[in-house]
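**Q** Below, each chain spelled out in residue letters.
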Amino acid sequence: MGIVEAKNLVHEYITRDEEGNVEGIQVALDHLDLSVKPGQFIAVLGHNGSGKSTFAKHINALLTPTEGTLIVDGLDVSDENHVYDIRQRAGMVFQNPDNQIIASVVQEDVGFGPENLGVPTEQIWERVEQSLKSVGMWKYREHSPNKLSGGQKQRVAIAGVMAMEPKCIILDEPTAMLDPDGRKEVLHAVHKLNKEKGVTIILITHYMEEVVDADYVYVMDQGKVVMEGNPRGIFSQVDALQEHRLDVPQITALAHELKNSGLPIPDGILTRQELIEALAKIK
Amino acid sequence: MLRDITLGQYYPADSVIHKLDPRTKLFGTLLFIISVFSFDGLLGFGVITLFMFGIIYLSKVPLSFMVRGLRAIVILLLIAGALNLFLTPGQPLITLWKIVITKEGVRNASLMTVRMIYLIMGTSVMTLTTTPNQLTDGLEKSLRPLSKIHVPVHEIAMMMSIALRFIPILIEETDKIMKAQMARGADFESGGLIKKAKNMVPLLVPLFVSAFRRANDLALAMEARCYVGGDGRTKMKPLVYEKRDVGAYAVVIVYFVIVVLVKSLL
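Line by line, the protein sequences give chains A and B. Numbering follows our numbering, with no gaps: position 256 of the first sequence is 1637. Numbering follows our numbering, with no gaps: position 140 of the second sequence is 908.
Hints were generated in silico from the structure; no laboratory data involved. Note that the Cβ used here is the ideal one computed from N, Cα and C, for glycine as well.
One side of the interface only, derived from the structure: several residues of chain A facing chain B at Cβ under 8 Å:
hint	residue
1	Gln1469
2	Met1473
3	Phe1475
4	Gln1481
5	Ile1483
6	Ala1484
7	Ser1485
8	Glu1489
9	Gly1492
10	Gly1494
11	Leu1498
12	Val1500
13	Thr1502
14	Met1545
When you get a sec, could you build the whole thing from the sequences and use the hints?
**A** Have a look at this one:
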């Protein structure tokens, strides 16, 4: 049994006019099937409007399915009694770092989640210390979030989720508003949590570079999973990816072009080093 | 330009007053205000002055910071003083043509001025030694009994602390929007008051839209972190009275009794 199991998941956004009549139905998730094993680092790729963020909000029980089931750590998200258990077990990090930090001091913000859960005061401090250290933000604990960089703020947000001791963290495009350095910082922190604490990570993104190190990748388009596999397998299908309006990493694209022009290079090159080795072998 | 606005006026220092529980300071300030408006006579004035300057000395905040707060009310002070001085009926002291200054007028005017100056200085001791967060925490806990009559005390305190967090962000955003509008030829500087106010409209509309969007995001993020309101929450920094707070309560109450005694003896 996986930690996140989606079966036949459907979500429809219904727009209504002023009298409450249905004006239009937009299918955001269309019979989605997906399974995540505990401890995995999963990436969900998709272009804008592919339904990936809608899916993320389901895992956190912020949205409920129109049809189908979604089980998070054995709990059904449609069951209202479990909403807070699910939110504690599957924490969520959002896109905009400014709009998810509640307190005006870093450590107080990290303490916000445990406060809500009713954790005793001494344990809150322990949790805050541990989670700030796990993302490398401990020395900024007394700072105001306004003075931090985007990557640092996002790491504080991740620490805020970690303090709730979740089994799984969903990151909904956490790097979309960051500069390249901030992006690296955040990804590094997330990978570290995955490896050292065994937290299941579900990274939702449209940056292909970020999924290279994932254990398993799902590609979504128009509410469906259209491709799945390990990063190497996914990136070897450059043409299929481009059909879903996704760009492959530069190195992979270069390798693909070289192969198309006749060089004997294997599919699914992910790093510069691999390409260098493949080219060296040709002679 | 907009970045220069400082929020609250906390003056960091390591003093007894800074370390007091915010509830103690709120209570002390309340009693001080009552005493300022009820004292009478020179002896009472002396007691209050002694107490206030004693506290200011203990707080290690330079006196100039307190005086700075007075600048905002100089005009108010002058008007109130003048009205009291010239319009109080009673025993004439000086008569200049039609203007009559009475003995009672002088007395009222000086009393009024002293009261207002002390009021501002006394309350600024509290705002200078307490961070805005401590202040909201203190208010939340002191006003908790009101939640029994359905006053949303926790929610109000939460809103205050969120507002404190977002004011700098919104100021920055205003700055950005202003620059974007100025780059496209908007004019925020020239013209009279009405024209300036009208020019602000293209600034306020996008600011409001963005503020609502942020509020929506924030609400979602708070829900995702299991926020369900004040019930069942624990505190990371609970307010706990310490020995010095008991002492401070005693000092404030003794002071208040003295002021009342002085007043009733005269």
